[in-house]
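Produce the complete structure using the sequences and hints provided.
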Amino acid sequence: MSMDPMKPFLDSAVGYVSSMLREAYGIEDTFRIEPGGEIADFAFPCFQFSRRAGVSPQEMADRLAQGAEAAGGMLTVSARGGYLNMSASPHKLSVAAVGTVLQMQREYGRADRPPGERMLVEHTSINPTGPMHIGRTRNAVIGDTLVRSLRQAGVEVASEYYVNDVGKQVVVLYWGLTKFFDGEIGGKPDHELVRHYVRANELIEKDESAAAEVRDLQQKLESGDTALLAGTRKAAEMVLDGIKESLAHLNITHDRFVFESDLIKDGRVKGVIERLKKLPEASEDKGAWYLPFNGEEDRFYFTRSDGTSLYTTRDIAYHLDKLSRAGRLVDVLGEDQKLGMKFLVRTLELLGEAKRIDFLFHSFVSLAEGKMSTRHGVGVLVDDVISEAKSRAKVEVLKRRPDMNEGDASSIAGMVGVGAVRYNIARLQAEKKLVFKWEEALNFEGSSAPFIQYSHARACSILEKAGSWEKGEISYDEDNELRLARQLALFPSVLSDIVRTFAVHKVAAYAQQTAAEFNQFYRIVPVLRAPPGRLGSRLALVDASRIVLENALCCLGIDAPRTM
RNA sequence: GGGCCCGUGGGGUAGCCAGGAUCAUCCUGCUGGUCUUCGGAACCAGCGACCCGGGUUCGAAUCCCGGCGGGCCCGCCA
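Going by numbering that gives the first Met the number 0, the first residue of the first sequence is number 0, and it counts up by one from there.
A portion of the hints provided could be inaccurate.
As the list claims (entries may be wrong) - Heads up, simulated DSSO-like pairs for lysine-lysine below, C-alpha to C-alpha not over 30 Å straight-line:
| id | residue 1 | residue 2 |
| --- | --- | --- |
| 1 | K389 | K505 |
| 2 | K285 | K178 |
| 3 | K398 | K464 |
| 4 | K337 | K321 |
| 5 | K264 | K285 |
| 6 | K243 | K167 |
Derived from the structure by calculation, the hints contain no laboratory data. Remember, predicted model here, so these are calculated numbers, not experimental data.
Structure, rendered in structure tokens:
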């Protein structure tokens, strides 16, 4: 059995068109099959070949539709508007879809892929100077959804967080801590320590001697002062602990954290600088080395005049490290990084190592009132959004289940609240800008996480009431059954599309559509009170729906409650 | 000044990469319905949109050029 229930039908459609084209017109060229939209599963537009064949598109479509018993009963074909429409036999497709899902269970969605192509996705990588605000959360949610979707699709993938613990802002944090911090954190570290960071920034802005102190520290750090490196790393790690906690609340974890300071300490940054200096393109201006791009239009400086490294130089060292550990890289980044990454890629190309890097850029999140900034302590913090979402969810849960005990209600409210936050970020195309609005972030109906979770809980409830049942022959004939089964069959192709395009919002849309189809089925087609002989097939369909909803929610990092 | 991205009903959004036909998707909103329920965070019907102007094409929301509006970038910062 194919892991993708739609695949055998697509193969027959290709085979059918190919043989009909040859038979009727002697055409043996390659051709394209399109998705058939609402009308059919697959469509062949006749426009390209009709002129050459000397017939109208509609004539050609009519002729091509005359293959009796299309593809051994796998397909139904029809001609309309110059298109040859082909649909998988609904009966055969529905049986194949449910059968495949029940066989693969949590693995459903996976496809055969060439082995050995390990991927590495870098995401989040927030500067550890303060708590995550909602803008940074977008990166984390998109990145984690990508990692989860790739895994569900059968890709071997690791996730990584690049910790910037040597940059200017971490020095400011460190300096602020030495000045104002008494050693007692007394709360979530990112929230507590950022106060010293904000205060330090305020002081530096108006006090020149403070600014000079920080500059000295920065110089010392870049010259490789080990005690100072340890100090800034410690400061970064404390804040990072708080960020990790926030990420955990969002069901986000990373396989590995790479510290920028390590790349300096073990000499890799120095090695990169040496390699770059040897490039024929490399030039020098007052001791500062750069690569000229676009003539001398854009200079990419990779050292300062004092020989120390710059951010992108260290990032190149990091990318070389990643390339040594994975076959293919993806960086999830804000759109402000585009130009810098162009220089990075072109530099890696000069070093002969650029091939396997892809980027997933996303636009910024803004507030109705303007921009966010950790440095100035303005922004909506993700911890606040999560806790507000949970408490509103709890009100909703208790409204519907007043008898439910406190612990269960809180646990469900947690899944619903976090799900709502993640879903409302993941549903958007990454390149569209996002204006954060509380009402939208906390939406619990319509196109939302709870809508999907609720469908899942309903399916679980039916299955629980049914108990165990005979898994005999299955078959479907009701329109709502066939439509739902077809929807389930589409999951592997959605994931394959994401593997190709990284368009993670598609798995959000798919989950929503699947839930909607399930709700329609649920409304119209009785399961537990099914007519004689239909019970097993319908329970199988409900179980398959439950599995697909769970798998899709898993891609989104949203828990699938059995009851809510 | 130069570069990149975005512009779809009242609000939000899919479709654009690989141009096609059928009501251009879905959510929200508004109007009106459904159900003696396998859990109503539900279901059904209706209202309402491709920024503007050229071009390519048999055919453009989709590709190209030019406007307009918004975001981001153009540092020996990160």
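How the hints compare with the structure:
no., hint, verdict
1, K389 to K505, "26 Å, holds"
2, K285 to K178, "36 Å, violated"
3, K398 to K464, "24 Å, holds"
4, K337 to K321, "19 Å, holds"
5, K264 to K285, "26 Å, holds"
6, K243 to K167, "22 Å, holds"
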